[in-house]
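Turn these sequences into a full structure, and let the hints steer you where they fit.
For the sequence shown, the residue numbers in my numbering are 255 to 545.
Treat the hints as calculated values from the structure; they're not laboratory data. Using N, Cα and C, we set each Cβ at its ideal position, and we do this for glycine too. Watch out, some of these pointers could steer you wrong.
Listed next, the in silico DSSO-like pairs over lysine-lysine satisfying Cα-Cα at most 27 Å (straight line) [to be verified]:
no. : residue 1 : residue 2
1   : 480       : 529
2   : 480       : 464
3   : 529       : 464
Restraint-style ranges between C-beta atoms, simulated for each label pair [unchecked claim]:
no. : residue 1 : residue 2 : range
4   : 298       : 477       : 45 to 55 Å
5   : 262       : 510       : 15 to 25 Å
6   : 467       : 265       : 11 to 21 Å
7   : 315       : 368       : 29 to 39 Å
8   : 257       : 528       : 20 to 30 Å
9   : 513       : 467       : 42 to 52 Å
10  : 298       : 470       : 43 to 53 Å
11  : 480       : 368       : 44 to 54 Å
12  : 466       : 318       : 38 to 48 Å
13  : 408       : 465       : 41 to 51 Å
14  : 419       : 521       : 25 to 35 Å
15  : 281       : 460       : 20 to 30 Å
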Amino acid sequence: MDFRLTEDQEALRSGIRDFCDGRVGVDQLRELEGEASVDAGLWGELAEMGVFSLRLPESSGGVGLGMADAVVVFAELGRRLVPGPLVWSHLAAGVVDGAGAGEAVVGGIDATGGGSGPWLVEQLDRLDTLLVLRDDGLWRVDPKQLAAKSAGLPLDPHTPMHLLESLPRGERIGDGQAALQLRLEGATLVAAQMLGISEATLELANDYAKRREQFGRAIGSFQSIKHILADMFVRQQVARAAVYAAGATLDDPVVGDVARAVASAKIVAGEAALKNARACIQIHGGMGYTW
255 MDFRLTEDQE
265 ALRSGIRDFC
275 DGRVGVDQLR
285 ELEGEASVDA
295 GLWGELAEMG
305 VFSLRLPESS
315 GGVGLGMADA
325 VVVFAELGRR
335 LVPGPLVWSH
345 LAAGVVDGAG
355 AGEAVVGGID
365 ATGGGSGPWL
375 VEQLDRLDTL
385 LVLRDDGLWR
395 VDPKQLAAKS
405 AGLPLDPHTP
415 MHLLESLPRG
425 ERIGDGQAAL
435 QLRLEGATLV
445 AAQMLGISEA
455 TLELANDYAK
465 RREQFGRAIG
475 SFQSIKHILA
485 DMFVRQQVAR
495 AAVYAAGATL
505 DDPVVGDVAR
515 AVASAKIVAG
525 EAALKNARAC
535 IQIHGGMGYT
545 W
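Written as structure tokens, this is what we have:
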């Protein structure tokens, strides 16, 4: 596979990156903490950028692109930690009315594998529709009918969580194959977000290592710091290849095993995001980190 971006993909990435850099800075993220983390204005702008309708056919009001393009977009969203149920709302385009246009905020639960709960749901108070993936199909549930309680302080202040002890069946809107396909696509988009995190933390660490001086020289000149940065770069590059491969395989299953490609991307990108974040904190000397 050739993982070099096409000119159109480069332009797509640049457009999303410029938007995120100008619209989702640190100050804006602080303002979005808590229950108001799904900002209606930001959500509408993301919809106008085509984030949710990216893979819908043009005849249905979409952009008509594929998963190989979607992973490029979601890597940029992950790079800036853009909040909200982006993946579920993207998956719901063409399935839930208004999702592609940003008029409906959609969340979801993966209940495949025979799980019985309790269930954690993100952004429940902001959802218009809840999708549930089950082995026997794709189901739609009205969030207003759910009895839920707050899960307390979430790990991510931009993602309020609620706990469900029970989950109604809802309305069946797709078969088991449809649910499986959304599961694979969703895992790939989450992996793309984690790829973006691994890229952003590498950039932050590298920039700080060039500016921070100790013993009269930039700490980036020290061999121990170089080794950490090199490991971060390798993890990010491997994750990039895995995520791009998953996107390409979903677009054309003939080229490889889709489930294996998606699982590999999820594992490798998750490890890259976590380890690069830890390394970034280490290079910053723990600055801003509290326990």
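Against the structure, the hints come out as follows:
no.	hint	in the structure
1	480 / 529	16 Å, holds
2	480 / 464	11 Å, holds
3	529 / 464	20 Å, holds
4	298 / 477: 45 to 55 Å	49 Å, holds
5	262 / 510: 15 to 25 Å	23 Å, holds
6	467 / 265: 11 to 21 Å	38 Å, violated
7	315 / 368: 29 to 39 Å	37 Å, holds
8	257 / 528: 20 to 30 Å	23 Å, holds
9	513 / 467: 42 to 52 Å	49 Å, holds
10	298 / 470: 43 to 53 Å	51 Å, holds
11	480 / 368: 44 to 54 Å	48 Å, holds
12	466 / 318: 38 to 48 Å	46 Å, holds
13	408 / 465: 41 to 51 Å	32 Å, violated
14	419 / 521: 25 to 35 Å	30 Å, holds
15	281 / 460: 20 to 30 Å	23 Å, holds
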